[in-house]
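When you get a sec, could you build the whole thing from the sequences and use the hints?
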Amino acid sequence: MHKARILLVDDRPENLLALEAVLSALDHTLVRASSGEEALKALLTDDFAVILLDVQMPGIDGFETAAHIKRRERTRDIPIIFLTAIDQGPQHTFRGYAAGAVDYITKPFDPWVLRTKVSVFVELYTKNVQLREQAALLRLQLEDGAESDGGRTGHDPSVRFLTELSTRLAAAEEEARTLAKQLDRDSADAATVATAASLQRQLGDLRQVVEVLEPGSAGMPDDTEVPNVRR
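As numbered in our numbering, residues 6 to 236 make up the sequence shown, in order.
Note that these hints are calculated values from the structure, not bench results.
Treat the numbers as computed from the prediction; the structure is a model and nothing was measured.
Honestly, I wouldn't trust all of these hints.
[Said to hold, decoys possible] Simulated crosslink set (EDC-like; lysine to aspartate or glutamate; CA at most 20 Å straight-line):
# : residue 1 : residue 2
1 : K132      : D51
2 : K75       : E25
3 : K46       : D66
4 : K46       : D32
5 : K132      : D82
6 : K8        : E180
7 : K132      : D32
8 : K132      : E179
9 : K112      : E180
Right, dumping it as structure tokens:
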């Protein structure tokens, strides 16, 4: 199984230790950052499934850090869960969502709830990564097949590629539907449900591209760029 990275951002070592204790059961890679600056540096080189971001930090606070993350093309789609020990009412919470957070949790948090929320975003990220890797592998197989065949057998390797991609895409679509139903049964928060719906829309966009490319369709112009599926 592909291990996702989870970024934990807090200026207090004891809080980072507590987060690691709660999330270690997920068996993914937990990366510490003790400041907003350190978090932004980590995001320059590694991909993350989700970010747990403390609001109150010296230097660049959580809101400013989130704003920087959302301005970068590479990181703008990473889900951010704000963690704070401060309860300053609806305006404080609204500022968190306006900064790009998908969730807002007040300390002390329920370990089970936090672990469940994080696991949902990790699963969505993992499914997206797997789909992109499978598409890249199939494309390599297509290119290798075309070179070795040399046009002699009369079999178009692109047909095999599209058939295999369509099959794997169907499996990912079914998993996304199952996850969405599970979230509905568990009465998940609106932000988490919205993220799952976003993944389903992305899979739907990819399905449209595959259908256009399949034999018998109207096809696409040679210079048409196939859209990337973002996480």
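Next item on the list: Assess, step by step, whether the Cα of K132 is no farther than 20 Å from the Cα of D51, and give holds or violated.
Entry: holds (18 Å)
Notebook entry, point to check: K46 and D32: Cα distance at most 20 Å?
Noted result: violated (24 Å)
Next item on the list: Could you grab the alpha-carbon distance between K112 and E180 and see if it respects the 20 Å cut-off?
Entry: violated (33 Å)
Item checked: Restraint status (C-alpha distance of K46 to D66 at most 20 Å) -> Distance of about 15 Å is within 20 Å: holds.
Note to self: Can you confirm whether the C-alpha distance between K8 and E180 stays at or below 20 Å?
What the structure shows: The given pair, whose Cα atoms are some 18 Å apart, holds under the 20 Å limit.
Notebook entry, point to check: Can the restraint linking K132 and E179 be considered satisfied, given a maximum Cα separation of 20 Å?
Noted result: holds (11 Å)
Notebook entry, point to check: CA of K132 to CA of D82, is that 20 Å or under?
Noted result: The given pair, whose Cα atoms are some 15 Å apart, holds under the 20 Å limit.
Checklist line | Restraint check for K132 with D32, where alpha carbons must lie at most 20 Å apart | finding: Holds. K132 to D32 sits at ~16 Å (cutoff 20 Å).
Notebook entry, point to check: K75 and E25: Cα distance at most 20 Å?
Noted result: violated (25 Å)
Consistency with the previously given hints fails for numbers 2, 4 and 9, ordered from lowest to highest.
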